[in-house]
Amino acid sequence: MTTILKLDAVSRVHGEGATEVTALNAVTFTASAGELVAVMGPSGSGKSTLLTLAGGLDSPSSGTVLVEGADLATLGNQGRARLRRTAIGYVFQDFNLIPALTAAENVSLPLELDGVGVAKARAAALVALGQVGIPDLADRFPDEMSGGQQQRVAIARAVVGDRRLILADEPTGALDTETGEDILRLLRLRCDEGAAGVLVTHEPRHAAWADRVVFLRDGVVVDESGGTSVDALLDADRV
Amino acid sequence: MSVKMGLLALLADGPQYGYQLRAEFEGRTGSTWPLNVGQVYTTLARLERDHLVEPAGSEEGRVLYRITDAGQDEVAAWFLTPVIRTQPARDELAIKLAFAVTVSGVDVGAVIQRQRTATMAALQDYTRLKRQDHDLAWTLVLDAMVFQTEAEIRWLDHCEARLRRAATERRVVATPAEDTADKETSR
Ligand SMILES: Nc1ncnc2c1ncn2[C@@H]1O[C@H](COP(=O)(O)OP(=O)(O)OP(=O)(O)O)[C@@H](O)[C@H]1O
Ligand SMILES: [Mg+2]
Chain P
1 MTTILKLDAV SRVHGEGATE VTALNAVTFT ASAGELVAVM GPSGSGKSTL LTLAGGLDSP
61 SSGTVLVEGA DLATLGNQGR ARLRRTAIGY VFQDFNLIPA LTAAENVSLP LELDGVGVAK
121 ARAAALVALG QVGIPDLADR FPDEMSGGQQ QRVAIARAVV GDRRLILADE PTGALDTETG
181 EDILRLLRLR CDEGAAGVLV THEPRHAAWA DRVVFLRDGV VVDESGGTSV DALLDADRV
Chain Z
1 MSVKMGLLAL LADGPQYGYQ LRAEFEGRTG STWPLNVGQV YTTLARLERD HLVEPAGSEE
61 GRVLYRITDA GQDEVAAWFL TPVIRTQPAR DELAIKLAFA VTVSGVDVGA VIQRQRTATM
121 AALQDYTRLK RQDHDLAWTL VLDAMVFQTE AEIRWLDHCE ARLRRAATER RVVATPAEDT
181 ADKETSR
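Residue numbers (UniProt numbering), protein chains in the order written: chain P, 1 to 239; chain Z, 1 to 187.
No lab work stands behind these hints: they were computed from the structure.
DEER-style ranges, computed between Cβ atoms:
| hint | chain 1 | residue 1 | chain 2 | residue 2 | range |
| --- | --- | --- | --- | --- | --- |
| 1 | P | H202 | Z | R171 | 22 to 28 angstroms |
| 2 | P | H202 | Z | A94 | 21 to 27 angstroms |
| 3 | Z | V103 | P | V220 | 24 to 30 angstroms |
| 4 | Z | H134 | P | H14 | 43 to 49 angstroms |
| 5 | P | H14 | Z | R171 | 21 to 27 angstroms |
| 6 | P | V220 | Z | R171 | 17 to 23 angstroms |
As a list, the in silico DMTMM-like pairs of lysine to aspartate or glutamate whose alpha-carbon atoms are at most 25 angstroms apart:
| hint | chain 1 | residue 1 | chain 2 | residue 2 |
| --- | --- | --- | --- | --- |
| 7 | Z | K4 | Z | D69 |
| 8 | Z | K130 | P | E178 |
| 9 | Z | K4 | Z | E54 |
| 10 | P | K6 | P | D223 |
| 11 | Z | K130 | P | D176 |
| 12 | Z | K96 | P | D223 |
| 13 | Z | K130 | P | D192 |
The C-beta atom is built at its ideal place from N, Cα and C for all residues, glycine as well.
Produce the complete structure using the sequences and hints provided.
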């Protein structure tokens, strides 16, 4: 499998001296094409930090972040911005929609910025909005939509076009169980089609759609599940 | 639920032979509850004794069963009566953890983490099954297993958070001068 995302011994330290916080401590993490990886852990354990570093929205204090083999640190601001427009789909914990743009415009924006024609970009946006279950809200503005509907626009924006790396921070927080499951099916589908996905979630039910579940605590990876046979684990533990 | 009510509910849809009932029962519960033939026939005999079903003809020695009016009432009442949780499935786990926190020398954090990993793997297995297409009845049974397994993980997270808080409080009380470098959840 092709490695799409690789964090190599990545640390992120905020502040200094007495107020120093190590949000992430020498974490090594990969996500390959076709793979969905879930990241879980208590509040403050470093999940969002890991995701923003992977998406090039923040820089590590030490260690390297590679996306499709390119070291984000050597790409420069422009290179990183380009990568975020074209290869990386990012769902923010707080949606981050542009208030002055409609749902469809929010979704088609990254494509248009990348040079895709307006009509073509809009068509792709409508498909993505259909996939998240709100095809009829294309021309609404964010403040005319419910929290869950805005969240779905944010997801549509992250999966539209040819995204090889999809990073989603709590993408189901505002959704009911059934809609949440639809979103997981969509992320799963994108990964089955070849994208690499990283999903941060507090919901075990949603993490279970992933191939691997990585567990963070105090900025350190403490555990990983997936790959091991369940029966073996259960037998070993329950007896 | 009992096998008895399951079979009765199936007969509420129309008369059936014993072997048909067995196949239907397993089909609707996604084979999570296998029945043997003997179980089906002894249950039908008891239902007949209680006048909830009655024979409605036979063919090649097989008896066709039909639900009675009393049986219909029984099914209707069953659907409307909430299920009482008697023995929570995670009892063994709860007891294990209760012992883990009281017996000395046990790394409770490790116990929780190992269990969490195993339960998460089980949840991943159920979720993999959900990716295939199933009929509605089987999907609901599968969802029940998913939600129950998830509940166990949430409870484990809750236990861990409590232990952490207890450990922090103990540290604050015992060694006020020391910093909080040690964040282990061990006791
Ligand atoms: N800009 C910042 N300045 C100082 N500390 C920060 C900053 N950003 C994050 N932190 C700290 O880093 C740690 C990890 O934060 P992070 O947002 O990654 O947690 P999280 O796992 O995403 O939590 P949640 O589940 O609540 O979203 C926390 O202790 C947080 O307070
Ligand atoms: Mg976060």
